[in-house]
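Based on the sequences and whatever the hints tell you, model everything.
Protein sequences appear in the order of chains X and D.
Residue numbering for the first sequence follows the working numbering, starting at 1 and increasing by one per position.
Residue numbering for the second sequence follows the working numbering, starting at 1001 and increasing by one per position.
Don't take every hint at face value.
[As the list claims (entries may be wrong)] List of simulated lysine-lysine pairs, DSBU-like, C-alpha gap at most 30 Å:
(1) D:K1071 <-> X:K93
(2) X:K98 <-> D:K1071
(3) D:K1014 <-> X:K93
(4) X:K98 <-> D:K1057
(5) D:K1057 <-> X:K51
(6) X:K93 <-> D:K1057
Keep in mind that the hints were calculated from the coordinates and are not lab data.
Because the structure is a prediction, the values reported are computed rather than measured.
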Amino acid sequence: GQQLNQSPQSMFIQEGEDVSMNCTSSSIFNTWLWYKQDPGEGPVLLIALYKAGELTSNGRLTAQFGITRKDSFLNISASIPSDVGIYFCAGRKGSNYKLTFGKGTLLTVNP
Amino acid sequence: NAGVTQTPKFRVLKTGQSMTLLCAQDMNHEYMYWYRQDPGMGLRLIHYSVGEGTTAKGEVPDGYNVSRLKKQNFLLGLESAAPSQTSVYFCASSYVASGGAVTDTQYFGPGTRLTVL
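What follows is the structure, encoded as structure tokens:
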């Protein structure tokens, strides 16, 4: 079953605000990934993290791989309306190519 | 490149009917996956394939069958649909990098919304 706990489940923010969401697990993952799903579309990879403690940015997005390898967070700065969507964390163990997904955070941005 | 395409986009079935969902990718990817997405449940892996002619079970395989007769196509079948199979189904693919490792980037199709009455 699901091994990743993602929070919050949903967020409603004003344009320009910063956003933070996180993902935790009871087991260790060797890779953490963050995906975004636009309404009516499939998920698209935003950021991939491969080392404990790693901090990686992609434009206004910043994600970190927790030092315990059991958690990760994603920050979005200065949110804009097109940030609306569902954000998923996903983890991969070792060389196993299968991904375990969190349940998602639904983000709504009010212009 | 069209990327990953899925057919059909929408379908309504009656309980007990059968159907096949088609996934096609034109990126020559080795790995292909079928997920289902339910409200509040995220994405759950149904079946996957590591190459033409091979398939394997994922997290929630019961009630589904798959086939990968051609590298570019991955078919998901429902032999006897049940209301619990009402969901949005996503296909994805990924490739093997030059060093032999499967990449983390899974390319997703647009999804098929299935309703079973």
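Going down the list of hints, with the structure as the test:
1. D:K1071 <-> X:K93: Measuring from Cα to Cα gives roughly 26 Å; hence the hint holds.
2. X:K98 <-> D:K1071: 19 Å, holds
3. D:K1014 <-> X:K93: The given pair, whose Cα atoms are some 39 Å apart, is violated under the 30 Å limit.
4. X:K98 <-> D:K1057: Since the Cα atoms of K98 (chain X) and K1057 (chain D) sit roughly 11 Å apart, the hinted pair holds (cutoff 30 Å).
5. D:K1057 <-> X:K51: Judged against 30 Å, a Cα distance of about 29 Å means the pair holds.
6. X:K93 <-> D:K1057: Within the cut-off at roughly 17 Å; holds.
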